[in-house]
Amino acid sequence: DAKTTQPPSMDCAEGRAANLPCNHSTISGNEYVYWYRQIHSQGPQYIIHGLKNNETNEMASLIITEDRKSSTLILPHATLRDTAVYYCIVRVNNAGNMLTFGGGTRLMVKP
Amino acid sequence: GAGVSQSPRYKVAKRGQDVALRCDPISGHVSLFWYQQALGQGPEFLTYFQNEAQLDKSGLPSDRFFAERPEGSVSTLKIQRTQQEDSAVYLCASSLWDRGDEAFFGQGTRLTVV
Chain A
1 DAKTTQPPSM DCAEGRAANL PCNHSTISGN EYVYWYRQIH SQGPQYIIHG LKNNETNEMA
61 SLIITEDRKS STLILPHATL RDTAVYYCIV RVNNAGNMLT FGGGTRLMVK P
Chain B
1 GAGVSQSPRY KVAKRGQDVA LRCDPISGHV SLFWYQQALG QGPEFLTYFQ NEAQLDKSGL
61 PSDRFFAERP EGSVSTLKIQ RTQQEDSAVY LCASSLWDRG DEAFFGQGTR LTVV
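The listed protein sequences correspond, in order, to chains A and B. With this note's numbering applied, the first sequence corresponds to residues 1 to 111, in that order. With this note's numbering applied, the second sequence corresponds to residues 1 to 114, in that order.
Warning: the hint list may mix true and false statements.
Coverage of chain A stretches by chain B, computed from C-beta distances (three or more under 8 Å per stretch; other residues unrestricted) [stated by the list, open to error]:
| id | stretch |
| --- | --- |
| 1 | 13-26 |
| 2 | 62-68 |
| 3 | 98-108 |
Covered by chain A, per the in silico footprint, the following chain B stretches (three or more residues, Cβ under 8 Å) [stated by the list, open to error]:
| id | stretch |
| --- | --- |
| 4 | 40-51 |
| 5 | 55-65 |
Computed spacing ranges between beta-carbons, pair by pair [to be verified]:
| id | chain 1 | residue 1 | chain 2 | residue 2 | range |
| --- | --- | --- | --- | --- | --- |
| 6 | A | 26 | B | 84 | 30 to 40 Å |
| 7 | B | 63 | A | 94 | 26 to 36 Å |
| 8 | A | 15 | B | 85 | 25 to 35 Å |
| 9 | B | 72 | A | 45 | 16 to 26 Å |
| 10 | A | 66 | B | 64 | 40 to 50 Å |
Worth flagging that the hints you see were computed from the coordinates, not collected in a lab. This structure is a prediction, so every number in the text was calculated from the model and none was measured. Even for Gly, the Cβ is constructed at its ideal location relative to N, Cα and C.
Start from the sequences, fold in the hints, and give me the full structure.
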């Protein structure tokens, strides 16, 4: 799977939008962009994924650039409970494909 | 249950001891994965099952690590002759077989080898 690059840490004020960037310049045409997060002492939690179109669900929005070399995860109104490590992963959407986690971005939401 | 359940939640083992970690996936989920997460790092893939078949075990770090899922539901990860470098959180995840999009993770088992 292609590798991703994320900033190691970010801060965000409570109630503001958190914008988490991810670079995946070597992504292949059949690879999706996935985002997971891991709150302290818990297992990773799926957030959202997309191929080339922007996606939105109840948790977040995913913006993928037209060339697909980068993406941004947006938490529209961050709360203290959103403090976690956020992982950007690219993978082919097959049942048996594992997730390859990098270092992620540690997001700290501050009051 | 509603989610993936792992037990025990915490395990302390003396070096050289054998341990067994259990994973109860979400009912009906055909795909099951095991990951190892060292302190301060992202999870790393260990092995993958589709039903009872272990289709990928490329991530198992040594032949001391063994996983099984005999009836295609509950899975056990066994580590023989534990060593200090085996100390980590072991995570189990399951997903629907024909959709690799969303994997559901358990809370993990924190193994400490002393």
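For this session: Return the numbers of the hints above that this structure violates; sort them in rising order.
Result: 1, 2 and 8
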